[in-house]
Amino acid sequence: METKYISQSGIEQWFDAIVTSGKRVFAPVNSRGQVDFKPVKKLSEVADEYIQTTQSIKASVYPKAEVLFSYEKVNGKVNLTDFDPESVPETVLWKVHPCDAAGFKPLSAIFNWDTTDKLHNAHLAKTSVISFSCSAADESCFCTSVNGSPGNTAGSDIQLTMLPDGGAIVEILSPKGEALVALSPSVFVADKGEKKEKYLVDLPVRFNLEEVNAKLNKAFNSTVWKEQSERCLGCGACAFVCPTCACFDIQEDAHGSKGRRIRCWDACGFALFTLHTSGHNPREHQSQRWRQRILHKFFYMPERLSVVGCTGCGRCSRACPVDMNILEHITSIAKQ
Amino acid sequence: MSEQNTYLPYLMTIEKVIKEAPGVKTYRLKFQDEAEAEAFEFKAGQFGEYSAFGEGESTFCIASSPTRKGYIECTFRDTGRVTSGLASLEEGSTMGFRGPYGNVFPMEEWKGKNLLFIAGGIALPPMRCVIWNALDLRENFKDITIIYGAKTVNDLVYKSELKEWSDRPDVKMVTTVDPGGENADWKGEIGFVPTIVEKVAPSAENTIAIVCGPPIMIKFTFPVLEKLGFKDDQIYTTLENRMKCGVGKCGRCNVGKLYICKDGPVFSKEELNLIPAEEY
Chain A
1 METKYISQSG IEQWFDAIVT SGKRVFAPVN SRGQVDFKPV KKLSEVADEY
51 IQTTQSIKAS VYPKAEVLFS YEKVNGKVNL TDFDPESVPE TVLWKVHPCD
101 AAGFKPLSAI FNWDTTDKLH NAHLAKTSVI SFSCSAADES CFCTSVNGSP
151 GNTAGSDIQL TMLPDGGAIV EILSPKGEAL VALSPSVFVA DKGEKKEKYL
201 VDLPVRFNLE EVNAKLNKAF NSTVWKEQSE RCLGCGACAF VCPTCACFDI
251 QEDAHGSKGR RIRCWDACGF ALFTLHTSGH NPREHQSQRW RQRILHKFFY
301 MPERLSVVGC TGCGRCSRAC PVDMNILEHI TSIAKQ
Chain B
1 MSEQNTYLPY LMTIEKVIKE APGVKTYRLK FQDEAEAEAF EFKAGQFGEY
51 SAFGEGESTF CIASSPTRKG YIECTFRDTG RVTSGLASLE EGSTMGFRGP
101 YGNVFPMEEW KGKNLLFIAG GIALPPMRCV IWNALDLREN FKDITIIYGA
151 KTVNDLVYKS ELKEWSDRPD VKMVTTVDPG GENADWKGEI GFVPTIVEKV
201 APSAENTIAI VCGPPIMIKF TFPVLEKLGF KDDQIYTTLE NRMKCGVGKC
251 GRCNVGKLYI CKDGPVFSKE ELNLIPAEEY
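Going down the list, the sequences are from chains A and B.
If you read the first sequence in my numbering, its first letter stands for residue 1, the second for the next number, and so on.
If you read the second sequence in my numbering, its first letter stands for residue 1, the second for the next number, and so on.
Chain B on its own, in the form it takes in the complex (with noise of 0.2 Å):
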């Protein structure tokens, strides 16, 4: 067989678009040839480079489950010159997509574990294929708890899902926004993250932590847990440096001797540890 072209992408279908924030769009993308979706297998945490033809390549995770088979899904926000050109794009528009890169939640470990998610803002996504992984394997683990916090109310995406995930039972939803922006019907939490990590409390006892969200918020979330009695083996994220190739090549997202596209992008805080933390 002939050498592949690890820069060709597969091409996609725009199934649907979901309008989730000001600027936030999620598309479900289907493999046009089905040769290649039948061949194509990924794991939670993992992600992948998408195309707008004629505008070049962003990186963003896989935000859908690989529970939910026959396609993918990416959430992004329009802030460049990819990202608006995939933004103009419209339900059966064809787009690229090469992945999918990098390491992976090791959720076979965490069977029989609680669960506990924080994340805050664009954030989510990441968080969301781990999220419904889990629950679509909702007997392998104990309790889980979803911490999430926006901005304001209108910047948290996913709406109809933490209305879905706050209306299970076998979920402990917690929403926040950040002191201010909080509207009228605001019926969740008001106040950043890390603070109301704090005020919740999650027991550390037999439990993993997930954290994504801006360096900021990881920053002051961190020794939250700390205080909680989380240990750093307890305690994952996923990094997101800037890449382009995904594979190891470019040489953006080499932080120590690790690529984060190839090592990462998910860490615990045990082996983050080892790595310089002003280079991410």
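Bound conformation, chain A alone (with noise of 0.2 Å):
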């Protein structure tokens, strides 16, 4: 890992030189009040004061809908066309959160943990992460309580920490984030022992995570779950925003004799999710499928998968329209 200094104008320069190489970038976009990343060309386009965007990254490497293979059936035969992972474009993602980078690890953890899927491992492949550690949170950040910080690497090529003269300590942390440097090598300049510490928020931790964990193994029968859940409405908006919810459906969308498999995020708050075709429902009740979120994230992935299913960005909490804040919950929990 190597640290560089990058100036105001620098910046700039390296953000047209991304651009001009012909890479598809990402970025934080202001539109009608909402912050979202969107594809960009200028740097002047990219939004400035907001904590979060509303969804997270998690589409560039997992598409919300994306057709596995498609097929035309031709005389009584079918014909399969299989996923091309030469048709997903080099993508660069700029002024990533570390809370959104860092989901880069539970989801390939999901995706790759028996058998590899080579959708998601191809968007990978020709995704590379700009970050920029963060100076601001607001009360539903937590990510200093899920082994995260305001200036994680994880799941980074690049950090960015921007100094109050405009310009930012660039720590270069991939062969990746190498490859984006000698785009615009000249605007990379030694770095001048700025501690980037000082620049980041400072982020109390609000709950011990192995001891969530510990009592989440003993929590299935307690009554906290329905307690909590009363007021969910089901609607799945937590999912949809988490950077690290995979749990997805597969479709068919068919004309004629052409068809595609679409695979598509679900949700387990869903009543469907689990709904067995003769009628039965493992997870009936609003309270079970809550019970399933919390668990699956904060106690089966870390036993199975080694990796808690969240990072601490604080999406599901301010998207709920219940406001159903899975920092107080998480952290009652603790408390029990």
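Since the hints were derived computationally from the structure, they do not count as laboratory data.
Some chain A residues well away from chain B (every beta-carbon gap over 10 Å; in silico): (1) D36; (2) K41; (3) K42; (4) P185.
Facing chain A, a subset of chain B residues (Cβ under 10 Å, in silico): (5) S2; (6) Q4; (7) A52; (8) E55; (9) G56; (10) T79; (11) G92; (12) C245; (13) C250; (14) G256; (15) Y259; (16) E278; (17) E279; (18) Y280.
Calculated pairs, EDC-like style, for lysine to aspartate or glutamate (alpha carbon to alpha carbon, straight line, at most 20 Å): (19) K73(A) x D33(B); (20) K219(B) x E284(A); (21) K43(B) x D114(A); (22) K77(A) x E34(B); (23) K262(B) x D114(A); (24) K126(A) x E3(B); (25) K257(B) x E211(A).
We put the CB at the ideal spot given by N, CA and C, even for glycine.
Make the complex out of the two chains shown on their own, each in a separate frame, by following the hints.
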């Protein structure tokens, strides 16, 4: 790993060089009061004042709906066309928060723990992540409670820490990061010895993850699930904004002799998720589905995949229309 | 070698269609690609994702025995979009198959033991695979008892095989229908499966019981077996949670730390005790 300094004008020059290289660049854009990752061509399009994008960057490595393969029926036979990894464009994600970049690890753990996932891996291989450390947070942020931090570099190829002069400390973290630097090498100069920690938001730890894990181990039959989920609408918003939720459905899109099999985001909060054809539903009540969501992220995933299924981004709490606050709920479980 | 796409199915030709019961059919499927046919292997208890192109995929067990080479069979009831799409296919049509997925019945460990099969309704197919596997290797096992029940005489599946099994001197076959499900010609038992198990009272001595049926049947059969002296490590079942991917990723069949599609579908009762019963 190497650390450099880049000036404000250097950042502009480098950004243009990335765009000119032909790579697709996604960055947070403010559109009608909502900030989300969108394709950009100019640095001036990138949003400034915001705490968190509404959606995570998950869709860049795990699209909301993706064609697994397509087919055509010809004279009683079926011709299959496989997903082509070459169809995935080189993509740079600009100004990603550390909590989003940290989401790649749990996502990949799910997709690759046994069989590997050709589609997810193709996206990962073509994606470079430039994260910006966080100088601000809000009451929903809790990355420091789930093994993260405002300056966490996990999942990033490069991390910038913005300085008061408009320039930034640049941490070059991977070969992909080096390749991005090489697009405009002259703008990266010797680091000035500034400590990045000085510029990070101070985010206190809100709960002890191990303590939560130990409590959850015994919490399956607890009344807490019903209490916490009484107002849950089962809308699935929490799963759709989550950087690590990976549950999916497989759907068919067919017209005449042609068709496509499509993987789409799904959510364990939906009643249909586990419904058997017979009508039997092992998770009939919203409280059972809420329990599954929490146990899967904070207990099953750590046990099974050695990674916690939450990066503390706080999106689910912000998105919930009935204010089910995951931080409050986890903290209360930890205190039980 | 480039990475394989897990979701790309094998192309299969429907070689034979057997009408089993109202709405229930068995398809015999052959691989269209010879190299794929050659390389394909599975064991009793495994399942797959079967696709009707145009409709989607459904999860069923492989209902034929691995001792019968060159094809696989599936038995399904026409109940939803995919199964009705499959049901409308004819002999010679193409469908898709992904698999084999999941764990297996530990038949190697059962050598020298008595086997007791208890099945209800459309749950005979996963057991049929094990039954034929055991019958094809008959010398490996002692007594084989099959207790099979359905709602009505009409709903019994594999009717010709039921006859074949009951005609065999080396199989004890008991068929039953729910009270009211009998017809004038019915010569089998009348009563729910757990009741008939209690009546037949198979010995637990050196016996493995394989139970498969609707949740309600399983719930009432386990205590009967317990009363007969069966220990939890002598009882096996196969679970059928809803699945989409079959490979432990889509999240549907996650129960506790386990994925039914990866750690199951086969579980001993001893293993079942470790996962929350309300979740399957």
